[in-house]
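Asker: For reference, the chains in residue letters:
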Amino acid sequence: MVVGKMKLTFQKRVKLAQYLWMLSWFATLGGAVTFTLGCFLKTELRRRGEVMDNTDIHCVPNTLMIVGLASMGINYFASRICQDALDPGRFPRWKTFLKPFFGCSVFFTTLMLISVILSYAMKGSLETSLKIGLKNGIRFYKDTDTPGRCFQKQTIDRLQMEFQCCGNSNYRDWFEVQWISNRYLDFSSKEVKDRIKSNVDGRYLIDGVPFSCCNPSSPRPCIQYRITNNTAHYNYEHQTEELNLFIRGCREALVYYYMGLMNTIGAVVLSVFLLQCSVLASVRLLQTSMEAVAGQENVEVDSEGYLLEKGVKETFMEYVDPVLKLLWMNQVTPPEAKAEAGAS
Amino acid sequence: MAVLPIKFTKTKRDKLAQVLWVLNWISVVTGIILFSLGIFLKVEINKRQDLMAESQLQSVPNMLIAVGLIACVINFLGGKICYDCVDTNKFLRWKLVMLPYIICTFFFTLSVLVGALMCYSMHGQLEEALTLGLRDAMRYYKDTDTPGRCFLKRTVDQLQIQFQCCGNEGYRDWFQIQWVSNRYLDMSQREVVDRLRSNVEGKYLMDGVPFSCCNVNSPRPCIQYQITNNSAHFNYDFHTEELNLWMKGCRQALRDYYTNIMHSVGLTVLIIWLFELSVLTGVRYLQTSLENVLRQGDPECESDGWLLENSFVETARSNFNIIKHLGKFNQINISSNGDPNIDKPPTAHYGPDNVPPKPLPMAS
Chain A
1 MVVGKMKLTF
11 QKRVKLAQYL
21 WMLSWFATLG
31 GAVTFTLGCF
41 LKTELRRRGE
51 VMDNTDIHCV
61 PNTLMIVGLA
71 SMGINYFASR
81 ICQDALDPGR
91 FPRWKTFLKP
101 FFGCSVFFTT
111 LMLISVILSY
121 AMKGSLETSL
131 KIGLKNGIRF
141 YKDTDTPGRC
151 FQKQTIDRLQ
161 MEFQCCGNSN
171 YRDWFEVQWI
181 SNRYLDFSSK
191 EVKDRIKSNV
201 DGRYLIDGVP
211 FSCCNPSSPR
221 PCIQYRITNN
231 TAHYNYEHQT
241 EELNLFIRGC
251 REALVYYYMG
261 LMNTIGAVVL
271 SVFLLQCSVL
281 ASVRLLQTSM
291 EAVAGQENVE
301 VDSEGYLLEK
311 GVKETFMEYV
321 DPVLKLLWMN
331 QVTPPEAKAE
341 AGAS
Chain B
1 MAVLPIKFTK
11 TKRDKLAQVL
21 WVLNWISVVT
31 GIILFSLGIF
41 LKVEINKRQD
51 LMAESQLQSV
61 PNMLIAVGLI
71 ACVINFLGGK
81 ICYDCVDTNK
91 FLRWKLVMLP
101 YIICTFFFTL
111 SVLVGALMCY
121 SMHGQLEEAL
131 TLGLRDAMRY
141 YKDTDTPGRC
151 FLKRTVDQLQ
161 IQFQCCGNEG
171 YRDWFQIQWV
181 SNRYLDMSQR
191 EVVDRLRSNV
201 EGKYLMDGVP
211 FSCCNVNSPR
221 PCIQYQITNN
231 SAHFNYDFHT
241 EELNLWMKGC
251 RQALRDYYTN
261 IMHSVGLTVL
271 IIWLFELSVL
281 TGVRYLQTSL
291 ENVLRQGDPE
301 CESDGWLLEN
311 SFVETARSNF
321 NIIKHLGKFN
331 QINISSNGDP
341 NIDKPPTAHY
351 GPDNVPPKPL
361 PMAS
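Protein chains in written order, with full-length UniProt numbering: chain A, 1 to 344; chain B, 1 to 364.
Among these hints, one or two may not hold up.
Covered by chain B, according to a simulated footprint, are these stretches of chain A (three or more residues, beta-carbon under 8 Å) [to be verified]:
| hint | region |
| --- | --- |
| 1 | 3-10 |
| 2 | 177-187 |
| 3 | 203-212 |
| 4 | 220-230 |
Sample of chain B residues at the chain A side, in silico, Cβ under 10 Å [as the list claims (entries may be wrong)]:
| hint | residue |
| --- | --- |
| 5 | 153 |
| 6 | 155 |
| 7 | 176 |
| 8 | 180 |
| 9 | 184 |
| 10 | 186 |
| 11 | 188 |
| 12 | 192 |
| 13 | 218 |
| 14 | 224 |
| 15 | 236 |
Everything labelled a hint here was simulated from the structure, so no lab data went into it.
The beta carbon of each residue, even a glycine, is placed where N, CA and C say it ideally should be.
If we strip away everything but chain A, and leave its shape as in the complex, we get (with noise of 0.2 Å):
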């Protein structure tokens, strides 16, 4: 049962060799493309991995960039191809090749297709690393005389003033947290024994925020220390004020940015793909109208071309199976060879 038959003339043919030409070309392109934007996620991810607790969601720009590369070969492959197709002293060459050839490009293309599904949905790992990642940021603020980690503190300030966000979920994080080192208390003032007395871990907590959380577009001078307490700054309810610091947690605010990145590649791809796909359907089409006038004496008939000779389920267990072949042999015997030597 023949899949995707088609009537072709001479003259159909040459035009789908010439168009098919044109088209590998831009493939790949965008295959190039591909690759390109692979790269450039894979760099923004790094930018920002001290606040990652986890590099899952790398398997994203590495599949983009694997993809891309290969795109590229097949496309050019392609062209050659088609290059070659009109002209049958030079076509019969490349007869042992198109098998392979249609076995990996049809399994990139699927994970192309993969990779943009996995863009759109590595959003909750993402998400999920950068809380744990945002609250160790937090947690290790005041460590900057720890190696390994004394530029937490410049990180999650440069974080918080770039990105305008303020703690993991919002800029009640900082109170939970001592982020004021106690190399900078003097433990000999009441005050500060007291707030250590009164906490049960003997952390220094403060109703605080560091100063990266301060909103520039304040109309006053910003209030970072005694937020909650309303009279301790005149003409100020902390309830209502919504100017004075950055409102948005950090969180959010990285996962927007990078499911807008993801987002947009993952639509850029995807065109990259159709396109990709219509290339290979074209050059089966093309290789198997060319195979029929094979060894004619006349090449300029008409030929029938067909995506698949027979069912789909029946082609790819063709595909398959030698691969399978290759797993079997190095494996123990299979079972029913055992009890038939058990039998024996």
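Given the coordinates of chain A, assemble chain B onto it according to the supplied hints.
Answerer: Positioned in the frame of chain A, the structure of chain B alone reads:
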């Protein structure tokens, strides 16, 4: 004696015309580059317009924009001319236009040079504009309720954060102005009233700075109030503390930033000027060699090309005389009463021997 003559064969001439055609198209691209550099500079200056006092700074990007547009037009025309110059017949069409075109292009390249030099000489104007502008911006920092000044606080804060600077020359500039608005001062408190009274002009001055002066690289949480008071903070000595606030002044930071941009832009414009000059030289050689071909009559022959027909001094003198007589074409030459035949030597022809006849004897 011609200036820098070069001999051109027919193939050399054709090659020169083709190369010049390509170069003229490249020059159109460089004209577009000039135009976009002017736009870039204009945008950069406008971005910080709030922080700069009125000055002639806008003249530099305007000049670059104008020069870029004119470059595109001139080089487009030049490309067309050079394309036609391969064929001697088509050259006849352009013969009369070429010399004025070359003169115009020469003056145009001078203006490109002027544009480049302006980029380098803006230094003094920039410094003055920045000093006055920053001083005013800091003075109006607290006026977030006055229309026209309500975004100055945000501008100054973002400037200090982005350029990592504090105040005009240093953070002490903030000690000399009141940057906390009276709206947020509790006039019933003794401390506030004392501070206001102790100042001659009734301003609330303190040794504190806005949060945007805080240095991100500091290992301790930012100290922005009571900066000069060592006892107000634990383990703090303000004389030796360098990482707490940004040490650089914003005037210096902005000046360095704009000077870098101006120098890069100026260098690019200089390179473009040299390129235009070389294209102009090529076009001049092409024009003179083609005119000599026409003079000699044979399109396939060799011809000389030069920059100037006579030496520099003679050309300058002859041009000067032309300009002098340009104004005189209306005037009459009164020395011979306007009659062009007076004082002309006799030129009569007396037959084949050219012997003048003997004068007839006069009857007595």
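Asker: Please go over all the hints and tell whether each is borne out by the structure.
Answerer: Here is what the structure says about each hint:
Coverage of the region 3-10 of chain A by chain B is violated in this model, with 0 residues showing a Cβ closer than 8 Å to a Cβ of that chain against a need of three. Against chain B, the region 177-187 of chain A contributes 7 residues with a C-beta closer than 8 Å to a partner C-beta. That satisfies the three-residue criterion, and the hint holds. Here the region 203-212 of chain A counts 3 residues with a CB under 8 Å from a CB of chain B, which clears the bar of 3, and the coverage holds. Here's how the region 220-230 of chain A fares: 4 of its residues keep a CB closer than 8 Å to some CB of chain B, so the rule of at least three is met and the hint holds.
At its closest, the beta carbon of residue 153 (chain B) sits 7 Å from a beta carbon of chain A; the interface hint therefore holds under the 10 Å criterion. Interface hint status for residue 155 (chain B): upheld, as the beta-carbon distance to the closest one in chain A is roughly 9 Å, under 10 Å. Look at residue 176 (chain B): its Cβ only gets to about 17 Å from chain A, farther than 10 Å, so that hint breaks. Restraint check, residue 180 (chain B) versus chain A: the minimum CB separation of about 5 Å is within 10 Å; hint holds.
Given the 10 Å rule on beta carbons, the hint for residue 184 (chain B) holds: about 5 Å separates it from the nearest Cβ of chain A. Look at residue 186 (chain B): its Cβ gets to within about 4 Å of chain A, closer than 10 Å, so that hint holds up. For residue 188 (chain B), the shortest C-beta to C-beta distance to chain A is roughly 9 Å, which falls under 10 Å, so the interface hint holds. The interface hint given for residue 192 (chain B) is met, as the beta carbon of that residue sits about 9 Å from the closest beta carbon of chain A, less than 10 Å.
Below 10 Å, beta-carbon pairs count as interface contacts, and residue 218 (chain B) has one with chain A at about 8 Å; its hint therefore holds. For the restraint placing residue 224 (chain B) at the interface with chain A, the shortest Cβ-Cβ distance is roughly 7 Å, inside the 10 Å limit, so the hint holds. The beta carbon of residue 236 (chain B) comes within 8 Å of a beta carbon in chain A, closer than 10 Å, and the hint placing it at the interface holds.
The structure fails to meet hints 1 and 7 from the earlier list, while all remaining hints are met.
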